[in-house]
Amino acid sequence: MFVKLSAVLSIAALCSAAPSPVKHVLHEERAVESRDWIKGSRLEKSAIIPMKIGLTQTNLDLAYDYLMDVSSSDSENYGKHWTPAQVHDAFAPKEETVTSITQWLTDSGIDGSRIMFYENKGWISVDVTVEEIEALLLAEFHEHEHSQTSKIRVGTDKYHVPEHLVSHIDYITPGIKLSPVTKRTVDRKTKRVSHSIHAPAHVSIPGNEGSVGISAAAAALPPALQNCSTNMTPDCIRALYSIPANPAKVGDNSLGLYQQGSYFAESDVNLFYAKFATYIPQNTFPINATIDGASYSVPAASELNSGEANIDIEMATSLIYPQTVTLYQTDDDIYEPQEVATTNLFNTFLDALDGSYCSYSSDGLTGDDPTIDPVYPHNVPGGYKGQRQCGVYKPAKVISASYGQAEADLPAPYVRRQCNEFMKLGLQGVSVLFASGDYGVASFPGDGSASGCLGPKQEIFNPQYPSGCPYVTSVGGSQLAPNGTVYDPEVVMSDDLGGSAVNFSSSGGFSNYFPRPTYQDGHVQTYFHRAHLTYPYYSELNVNVNTTTGRYNRVGRAYPDVSANGAHFPSYLNGVLYHFYGASLSSPLFAAVLTLLNQERAAAGKGSIGFINPVLYRHDDVMNDVVEGTNLGCGTQGFHAVKGWDPATGLGTPNYPKMKALFLSLP
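The UniProt record's numbering applies: residue 1 is where the sequence shown begins, and numbers increase by one.
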């Protein structure tokens with residue numbers, strides 16, 4: 001809730017003499033003009049706009065060490081995960097930060113009765129005139145109109161803050177990141193068009209279960225395993241990774257699935273059970289954990305049934321049943337999938353898991369970003385009229401999301417703030433997995449450029465988020481070679497599926513926002529030694545892609561971490577059988593493996609495995625190494641698979657018996 005500071009600040013104002021001149025320093029400056037937003041007229045000085053100041057959190061410099069302490073197999077604190085209260089207390093801002101900033105505002109003539117802050121002291125908010133904010137920040141604020149949607153945003157090219165407050169202020173909005181128009185003297189302009197900026201990455205083709213052209217080796221296998229290279233059923237997956245059937249049920253061991261803009265159809269899921277998983281009773285559907293007015297399911301014929309939610313639910317349930325699946329379906333049907341000017345992913349979901357995240361400040365952002373995230377109540381016909389849901393669900397111990405987008409689509413502070421929240425989930429023993437993507441070293445076509453690549457020549461590799469966050473597990477795609485069997489080594493998922501998916505392959509590469517974490521440093525250095533890459537590279541974060549001559553970031557966080565099969569998965573879409581492709585299959589598959597490992601540990605009286613990356617990089621012998629294939633993109637062959645870790649399939653695919661032995665050996 002908001003609390004006014006008037007009582008305290010009125011006393012401070014009475015005790016202060018005329019303020020001495022304050023030295024301002026540049027805090028943020030826009031490096032490159034947006035291609036989509038056209039700068040317009042300067043705002044009227046009397047216009048009123050909400051100013052939000054994100055307060056610097058404490059101990060974020062220690063976050064990596066905190067997480068490694070409970071996640072590294074050689075740590076005496078392995079598995080001693082934190083409570084939500086411990087996490088909140090560890091990162092709360094200092095009292096000095098709050099008092100210093102409020103003193104600056106009152107010294108600048110802002111009456112204390114106007115200043116608001118949230119109970120957790122994560123941010124400070126005040127409605128100001130344009131004249132006031134321009135004086136406070138030594139800045140000029142202008143309208144900006146979107147070239148395609150006519151939406152209006154306000155912002156500045158640069159702004160300044162008092163030198164003594166630099167360490168206390170993360171970020172101020174409106175600032176160089178454009179904010180929506182909420183001021184009273186500027187007209188709104190809105191126009192809606194469809195978009196697919198964060199569409200889940202999968203491709204489907206009509207199904208065919210025939211055994212045309214199977215190899216002699218495949219013909220010698222049981223019938224259920226003869227066609228796995230073209231029909232990757234649950235039976236095939238279990239045989240491929242030695243995953244046990246009929247696992248025992250453990251109480252609180254649900255697998256969480258994130259969904260946004262795509263909804264499952266109950267009739268399609270029932271068809272899958274009847275055909276490929278007869279051991280699952282009809283109408284076995286996920287636990288309902290819808291968020292901010294989201295629909296739970298839709299009719300099979302609905303255009304909102306894209307197949308994405310179906311395949312996630314079917315993949316997970318078919319492998320872990322009778323363990324349950326929890327469906328975190330986010331945002332009302334107006335925002336998802338039809339809202340045009342949002343590139344939002346995950347914030348309203350994180351709000352629902354962690355109430356403090358609704359107002360948490362980090363890397364210059366406080367709470368959700370109204371220029372990117374949905375705003376509730378959503379006062380349009382069909383919109384969710386309730387308040388944003390904060391802290392309403394306990395997170396599942398394993399969460400998979402088959403969604404992502406290019407890092408370049410989002411401001412660096414926005415993704416760093418989210419990444420910190422994934423770190424906090426890891427501290428609490430939650431494994432968070434994301435599909436790495438499906439366009440090799442590029443993003444999907446049309447994301448920033450026709451090819452999905454960066455730079456004026458479209459030659460620079462386009463790293464994906466959230467895979468670039470060092471606190472999540474990025475899952476790439478693998479597949480059986482043509483005519484391969486479940487007892488043959490897999491290769492990099494790479495298929496020519498036609499159209500925009502000609503180079504449909506497992507995404508991998510190196511982040512431009514996050515440095516390489518120490519837990520993977522040795523493996524990545526070994527890869528560079530073995531791969532003998534000839535591409536030019538750069539070695540800096542937040543690189544200017546308009547001027548660099550390199551193709552990839554040699555010092556960035558490397559991904560994926562692991563991989564799993566992402567090809568030829570059968571599923572029904574509006575009653576018709578298709579085969580689906582993509583790392584969006586791989587992530588729930590690997591998440592199912594972790595859920596089963598948690599079940600094994602629970603039966604042994606042990607806690608959840610939590611953030612798995614440090615353990616797997618230290619014990620990579622529990623993975624099936626993938627050494628053939630490449631992930632094409634940006635006019636290159638991308639990155640080839642080699643012995644050990646590589647940016648196509650990571651450490652490899654799961655070997656369930658070896659992983660079980662390892663994780664049961666840990667405390």
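Since the hints were derived computationally from the structure, they do not count as laboratory data. For glycine and all other residues, C-beta sits at the position ideal for the given N, C-alpha and C. Don't take every hint at face value.
[As the list claims (entries may be wrong)] Only pairs whose alpha carbons sit at most 25 Å apart, straight line, appear in this in silico DMTMM-like list of lysine to aspartate or glutamate:
no., residue 1, residue 2
1, 158, 303
2, 94, 145
3, 23, 235
4, 249, 95
5, 606, 621
6, 23, 96
7, 275, 252
8, 45, 157
9, 23, 145
10, 660, 96
11, 39, 303
12, 394, 252
13, 23, 95
14, 658, 625
15, 660, 145
16, 158, 65
17, 94, 131
18, 80, 107
19, 80, 65
20, 23, 89
21, 45, 96
[As the list claims (entries may be wrong)] Now the in silico label distances, taken between C-beta atoms and shown as ranges:
no., residue 1, residue 2, range
22, 576, 166, 57 to 65 Å
23, 497, 216, 50 to 58 Å
24, 540, 220, 48 to 56 Å
25, 488, 664, 22 to 30 Å
26, 50, 497, 42 to 50 Å
27, 489, 278, 29 to 37 Å
28, 85, 576, 33 to 41 Å
29, 497, 244, 52 to 60 Å
Hints, one by one, checked against the model:
For the hint pairing residue 158 with residue 303, the CA-to-CA distance comes to about 43 Å; that exceeds 25 Å, so the pair is violated. With a C-alpha separation of about 38 Å, the suggested pair residue 94 and residue 145 falls outside the 25 Å cut-off, and the hint is violated. For the proposed pair residue 23 and residue 235, the alpha carbon gap of about 68 Å is over 25 Å, so the pair is violated. Pair hint residue 249 plus residue 95 does not hold up; C-alpha atoms about 47 Å apart against a cutoff of 25 Å.
Of the supplied pair hints, the one linking residue 606 and residue 621 holds, its CA atoms being roughly 23 Å apart against a limit of 25 Å. Between residue 23 and residue 96 the CA atoms are separated by roughly 19 Å; this keeps the pair inside 25 Å, and the hint holds. Distance hint between residue 275 and residue 252 is unfulfilled; the C-alpha atoms sit about 28 Å from each other, more than 25 Å. Simply put, residue 45 and residue 157 have alpha-carbon atoms about 17 Å apart, close enough for the 25 Å limit, and the pair holds.
Simply put, residue 23 and residue 145 have alpha-carbon atoms about 33 Å apart, too far for the 25 Å limit, and the pair is violated. A threshold of 25 Å between alpha carbons decides the hint, and for residue 660 with residue 96 the separation of about 48 Å lies outside it, so the pair is violated. Simply put, residue 39 and residue 303 have alpha-carbon atoms about 36 Å apart, too far for the 25 Å limit, and the pair is violated. Distance restraint check for residue 394 and residue 252: the Cα-Cα separation of roughly 11 Å lies within the 25 Å cut-off, and the hinted pair is therefore satisfied.
About 23 Å separates the Cα atoms of residue 23 and residue 95, which keeps this hinted pair within 25 Å; it holds. Only pairs whose Cα atoms come within 25 Å are accepted, and residue 658 paired with residue 625 is accepted, the gap being roughly 13 Å. Proximity of residue 660 to residue 145 is assessed by CA-CA distance (about 55 Å); at most 25 Å being required, the pair is judged violated. The suggested pairing of residue 158 with residue 65 is violated, with an alpha-carbon distance near 34 Å, which exceeds 25 Å.
For the hint pairing residue 94 with residue 131, the CA-to-CA distance comes to about 30 Å; that exceeds 25 Å, so the pair is violated. Restraint check: the Cα-Cα separation between residue 80 and residue 107 comes to about 46 Å, which exceeds 25 Å; the hinted pair is violated. With a C-alpha separation of about 14 Å, the suggested pairing of residue 80 with residue 65 holds against the 25 Å cut-off. Annotation: proposed proximity of residue 23 to residue 89 is violated, straight-line Cα distance about 33 Å (limit 25 Å).
Restraint check for residue 45 and residue 96: not satisfied, since their Cα atoms lie roughly 32 Å apart, outside the 25 Å limit. Between residue 576 and residue 166 the beta carbons are some 59 Å apart, a value that agrees with the proposed interval 57 to 65 Å. For the pair residue 497 and residue 216, the supplied restraint of 50 to 58 Å is violated, since their beta-carbon distance comes to about 28 Å. Taking the beta carbon of each, residue 540 and residue 220 are about 54 Å apart, inside 48 to 56 Å as hinted.
Range check, residue 488 to residue 664: Cβ separation about 28 Å, and the 22 to 30 Å hint holds. The hinted window of 42 to 50 Å between residue 50 and residue 497 holds, with their beta carbons roughly 46 Å apart. Checked against the hint of 29 to 37 Å, the pair residue 489 and residue 278 passes, with Cβ atoms roughly 30 Å apart. Our hint of 33 to 41 Å for residue 85 and residue 576 is violated, since their Cβ atoms are close to 50 Å apart.
Range check, residue 497 to residue 244: about 33 Å between beta-carbon atoms, so the 52 to 60 Å window is missed.
When the structure is compared with the earlier hints, violations turn up for hints 1, 2, 3, 4, 7, 9, 10, 11, 15, 16, 17, 18, 20, 21, 23, 28 and 29 and for no others.
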